[in-house]
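Heads up: the sequence shown begins at 228 in the working numbering, then just goes up one per residue.
Calculated directly from the structure, the hints in this document are not laboratory data. It is possible that part of the hints are untrue.
[Unchecked claim] Here are the computed lysine to any residue pairs in the SDA-like style, where the Cα-Cα straight-line distance is at most 20 Å: (1) K292 <-> K383; (2) K487 <-> Q560; (3) K297 <-> K383; (4) K499 <-> G529; (5) K292 <-> F249; (6) K340 <-> K297; (7) K383 <-> V335; (8) K348 <-> K383.
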Amino acid sequence: MFIDSVKFTVISGKGGPGCSSFRTEKFVVKGGPDGGDGGKGGNVYLIVDNNTDTLSWYKGRRTLKAENGKPGMGSRMSGKSAPDLVLRVPPGTQVIDEETQEVLWDLVEEGTKVVLSEGGKGGMGNYHFKNSRNQAPTYFQPGLPGITKNIRLELKLIADVGLVGFPNVGKSTLISVCSNAAPQIANYEFTTLTPKLGVVEVGEYTSFVMADIPGIIEGASDGRGLGIEFLKHIERTETLLYMIDMANYREMLMQYETLKEEVKKFSPQLGKQKFAIALTKIDAIDPDEINTKTEEFIKAIGLETVNENTFGFEKDKVYHLQDVVYKKFDQTQPFFVLPMSSVTKQNTKSVRYALYDLINIDK
């Protein structure tokens with residue numbers, strides 16, 4: 228089950244109380260106080276673990292509490308400190324204080340470890356309170372209480388490329404063809420209900436991560452459809468691939484402008500990221516219409532057609548790149564516009580290499 232938002236309360240352990248005791252030993256008269264200190268309560272830690280990819284472990288858990296420290300004992304023996312409670316989260320998790328809505332941490336790197344709640348200090352035993360005026364103190368300190376925090380964890384997936392498109396435009400098919408992901412695929416809208424990540428192999432030692440999110444419709448940034456709930460999963464991506472369905476009942480220009488607008492409304496910064504355009508489902512239209520519809524779309528978004536195959540990536544060994552009509556780098560314009568079909572795999576290899584070029588173009 229994919230869970231990307233959870234709320235719960237964390238409580239660190241209470242410190243153990245000190246001990247009030249007196250030394251009692253044969254032939255030792257008035258041995259004096261010897262009460263030991265209480266043990267420290269357990270801390271609550273968060274650690275980033277690459278082996279986890281959702282927050283499903285936390286679903287249904289209202290309170291997570293570390294153990295309390297053990298009380299002190301006689302003969303100046305300290306109580307045992309409690310073990311720490313370590314909570315594992317996937318990379319990309321934000322920790323938010325539920326009361327102030329402040330983002331406490333943005334946990335991205337593997338192995339990052341933060342203290343969410345400090346355990347209480349153990350109380351001192353009566354041994355510490357003896358002095359010349361009070362040589363037989365009977366009082367001791369109780370342990371300090373643990374710290375209670377109400378937090379919310381929000382997972383924002385980390386990917387190099389985010390797929391953006393209306394429902395049923397072929398996003399899941401593309402990620403299944405290009406990567407190791409196996410999303411559900413069907414011929415109806417909103418087949419994808421949860422985000423999917425896939426590793427796209429470009430060469431023997433090179434790859435990038437692609438994220439597929441549920442389809443975006445007009446008003447998604449205001450909560451329509453699956454809306455803002457999943458738009459956040461492309462917020463960390465530096466590269467977007469807008470997927471425009473050439474066989475859809477919606478006009479291609481309308482699809483593109485709507486997607487751009489919804490992304491911009493959700494996150495102005497995300498709307499400025501570098502991007503490319505894939506024109507999908509060319510297998511579902513008349514081959515003679517591909518070039519015509521592509522050129523019309525290119526002109527409609529204010530670009531010029533480029534007919535030369537001046538690509539820096541390996542050419543597709545099965546299909547030629549004659550359908551590639553635009554490739555240029557400008558942050559305000561698409562890096563490429565490429566008609567393709569995930570079903571027949573036409574130009575899918577070209578998309579992989581072109582996206583890899585785009586990801587690394589300014590590095």
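Verification of the hints:
1. K292 <-> K383: Violated, because 26 Å separates the two Cα atoms, which is more than 20 Å.
2. K487 <-> Q560: holds, 12 Å
3. K297 <-> K383: violated, 39 Å
4. K499 <-> G529: Answer holds: K499 to G529 is near 17 Å, not above 20 Å.
5. K292 <-> F249: The given pair, whose Cα atoms are some 34 Å apart, is violated under the 20 Å limit.
6. K340 <-> K297: Measuring from Cα to Cα gives roughly 25 Å; hence the hint is violated.
7. K383 <-> V335: The given pair, whose Cα atoms are some 10 Å apart, holds under the 20 Å limit.
8. K348 <-> K383: Violated, at roughly 35 Å.
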